[in-house]
Amino acid sequence: MAQVKNRLTPFFENITFDREDNELILNFGPQHPSAHGQLRLMLHLQQEQIVKAHPDVGYLHRGMEKMAENMIYNEFMPTTDRMDYIASSSNNYGFALAVEKLIDVEVPRRAKVIRMMLLEINRLMSHLFWLATTALDIGAMTVFLYAFREREYLMDIIEGYCGARLTHAAIRIGGVPLDIQDSFITQLRTFLDKLPANIKDYEDLLDTNRIWLMRMEEVGTISTEMALSWGCTGPMLRASGVQWDIRKEEPYELYDEIEFNVPYSDKGDNFARYRVYMEEMRETAKILYQTIDMYEETVKNGQTELMAHAPKYISAPKLDIMTQNYSLMQHFVLVTQGMRPPVGEVYIATESPKGELGFFINSQGGPYPYRLKLRAPSFWHTGILTDLLPGHYIPDVVSIIGTTNIVFGEVDR
Amino acid sequence: MAQHKVNYTQDGGLPVALTSIDKIVNWGRSNSIWALTYGLACCGIEMMASGASRFDFDRYGTIFRASPRQADVMIVAGTLTKKHAEFIKRLYDQMTEPRWVISMGSCANTGGMFNTYATVQGCDRVIPVDLYLPGCAPRPETLQYGVMLLQKKIRANKAGNAQKPKRLM
Amino acid sequence: MRAYTPKDDVQAKSYYTDRYYVAPQVPKQEVETDEVFAADLAALKAKFEVKESFIQVGQMVVYINANDIYGVLEFLRDELTYTQLSEMSAIDWLAKDNTFEIFYQMLSMTKRKRLRIKFFINKGEAVDSVESLFRCADWSEREMFDMFGIEANNHPFMKRILLPYDWQGNPLLKTYPLEGDEFAAWYEVDKIYGKEARDVIGPEIRDTARVDRYDSERFARLGFEVPKGTEITGNEEPNKQDYQEEGGVFLVKKFTKDASKIIDDPQR
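Residue numbers (the numbering used here), protein chains in the order written: chain P, 1 to 413; chain L, 1001 to 1169; chain W, 2001 to 2268.
Only chain P is shown next, with the shape it has when bound in the complex (with noise of 0.2 Å):
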């Protein structure tokens, strides 16, 4: 078959290559399998060493900024889910817990501690799978099967809960829509009880490995100004030498109930944030067992209110608005038109599994967010890439990036 006629031109005809400083341009991506996405990266290399790096992002920029001055709150909610995909939950409590300082609402605490199972779930998914690619990457292919065997088991107690796999939507504003499924203690509680021999398997493949040390040890070290400086946060800062997170320092939901430690590292290379990861997630695990007790407690005081109680801006619950005639016209109202949060403005972070994940809503009293700025991790630690790959070599980009934990619906939003 004849190939289609197109106008496109062969890629590099512009760029010489007998140029006097023996200087060579590299495109990398904007399809790369280790690029996590559509990162694309012109290098300048002498030799194999990097001396300009210039990423070019925007490949999956799909508008959700401007998707959300067009939708209702409500609406925007499953629009969320398709920034950080990897964690969807966290990128929709970000958005809830942006929108009910807004509107000045309590969440129940039985919600709260969902949420809290939720989060913690999605971050430990959220770093499996960071390992499993990352690991993939630099060539071990056994602990990327292995961390994705997990991730399905976490993935299986999500969908029981909310029925998605990858794009959860289990979070609304005001709470959470449903109470978790009888399973779902068990099967979580299986998986924990499981979960630190798991992590011991993965570093006994990792740790010790002359060739993951090799790629890891000393590779990528980035400084605590230069991470300030590029606004890094997340597990980028920690492993930086900055014990600075979010849950610890400016707690939200129920986590100043919560004991648990925040890993940080200083020495800033790759290694220190495959470290940082790994604590990360017996951390987790340990939050998890915690919530499941919160969990119990509130089954044992009969607090079962999941959605917080503002009939001015959130839906009564099913059984008010099949049964009392209020009820159902508001909730026809707030279906119809959105609810209407004051005039004001709001900027929230949470730490996301990435990093500080933050929403700014402007909102002008109307039913559309007048303007909402989405302040994603991924963005600056694609960024910093500008300064940091320059004096590595070619091989070093692929763990560099690896490491970073970039996820392009984020960055590009």
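Hints in this document: simulated from the structure, not taken from any laboratory.
Keep in mind it's a predicted model, so treat the numbers as computed, not measured.
Hints are supplied without guarantee of correctness; some may be wrong.
[Said to hold, decoys possible] List of simulated lysine-lysine pairs, PhoX-like, C-alpha gap at most 25 Å:
1) W:Lys2118 / W:Lys2047
2) W:Lys2254 / L:Lys1023
3) W:Lys2111 / W:Lys2013
4) W:Lys2257 / L:Lys1153
5) P:Lys248 / W:Lys2113
6) L:Lys1152 / W:Lys2257
7) W:Lys2118 / P:Lys248
8) W:Lys2254 / L:Lys1158
9) L:Lys1153 / W:Lys2254
10) W:Lys2013 / W:Lys2159
11) P:Lys312 / W:Lys2028
12) W:Lys2253 / L:Lys1153
Once you've looked at the hints, dock chains L and W against the given chain P.
The following block gives chains L and W in isolation, referenced to the frame of chain P:
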């Protein structure tokens, strides 16, 4: 040495098989559909999951390849944006024939929920598509079913003939 | 007669608002209610002109002059320990009074406080780049340029970041429709196949509620497929779809559903 009882007369057990060229070529093609790793967005994660431990695509001979020149099928998994559109065309042109395209997920089918300025409303505006998988994101089972249907489609073709030009324009 | 729609703001609007509806306000507190913020504001006021300041949802908002922004952020970073610029972008008020509102979201890790610096600029004016103070502003300002067309002075690489370099229009302006303008609609067709292909490929289908009467013929209805062109009555016989053909597949083991084992608990 262990003695395995092989029933040479049953299907699959015979070291010599008589068949037509069509069948043997299509057998080879349909059972070694190498897919291009073309994870664009969320569906790409489900595509990885289908390649990983539980869903194990290697059973179908579907192995993900990083280069379009080694791939038979392009699984467009995720949102195709206007900025990326030219690259999908480039990669499709680089694939060797016979080649197939699976459009995975709502975004690749029709633009899906992203009815915005930056999204191509369906990757079939740029390249011809053989199979559309619904879902946002489709489960790995959906992709499995899609690959099985594609195998069936390949087997239905005459292997000797050149692949029919697919109409896009 | 067609209803008049304002062209300076084409975003979705509420179709009904009660005449007597007065939107409530998110409460604002005096800065003096918080000791840390009060001290910071006093230090800031000593050096720069502060137009307005208040606390909203636990964060201080400070309005300053547009020219002071570099000095203010430098002062915040070096003297008041606001070491991180979390976010910066703009809000489009062109329809209202022809201005943009720029905001800088700052974080102090030692004080555990967040504050927001804001100022207004007119259309066509540029902001001073703070890229040399915070490297992350490099990308934020490029994004702002991409989305609003606001340029930053002294920026090392003032180009589009999320959209392609040859894009036209700034998507987050209120005058830009969600579904894009004429240029956006044909962008990929023009680029790949050329303008003459527009007629062949056809316009984008943007109407989400569109029903095509041929859809039921073009798309297989799983389990009830009929050959193309057959009239669909709705009472079709179920068409049992097997993955393998009736006579079996050459060299491949026949798959039967009955012989397969279904695992109830994958975590067993």
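So, going through the hints one by one against the coordinates:
1. A hinted pair counts as satisfied when its Cα atoms are at most 25 Å apart, and Lys2118 (chain W) with Lys2047 (chain W) qualifies at roughly 16 Å.
2. As the CA atoms of Lys2254 (chain W) and Lys1023 (chain L) are separated by approximately 16 Å, the hinted pair is consistent with the 25 Å bound.
3. For the hint linking Lys2111 (chain W) to Lys2013 (chain W), the alpha-carbon distance of about 40 Å lies beyond 25 Å, and the restraint is violated.
4. Distance hint between Lys2257 (chain W) and Lys1153 (chain L) is fulfilled; the C-alpha atoms sit about 21 Å from each other, no more than 25 Å.
5. Distance check on the hinted pair: Lys248 (chain P) and Lys2113 (chain W) sit about 14 Å apart at the alpha-carbon level, within 25 Å; holds.
6. For the suggested pair Lys1152 (chain L) and Lys2257 (chain W), the alpha carbons sit about 17 Å apart, so the restraint of at most 25 Å is met.
7. Taken as a hint, the Lys2118 (chain W) and Lys248 (chain P) pair is broken in the structure, with Cα atoms around 28 Å apart against an allowance of 25 Å.
8. For the hint linking Lys2254 (chain W) to Lys1158 (chain L), the alpha-carbon distance of about 22 Å falls within 25 Å, and the restraint holds.
9. Only pairs whose Cα atoms come within 25 Å are accepted, and Lys1153 (chain L) paired with Lys2254 (chain W) is accepted, the gap being roughly 17 Å.
10. About 32 Å separates the Cα atoms of Lys2013 (chain W) and Lys2159 (chain W), which puts this hinted pair outside 25 Å; it is violated.
11. Proposed proximity of Lys312 (chain P) and Lys2028 (chain W) is supported: the alpha carbons are some 21 Å apart, at most 25 Å.
12. With a C-alpha separation of about 18 Å, the suggested pair Lys2253 (chain W) and Lys1153 (chain L) falls inside the 25 Å cut-off, and the hint holds.
In terms of the numbered hints stated before, the structure departs from hints 3, 7, 10, listed from lowest to highest.
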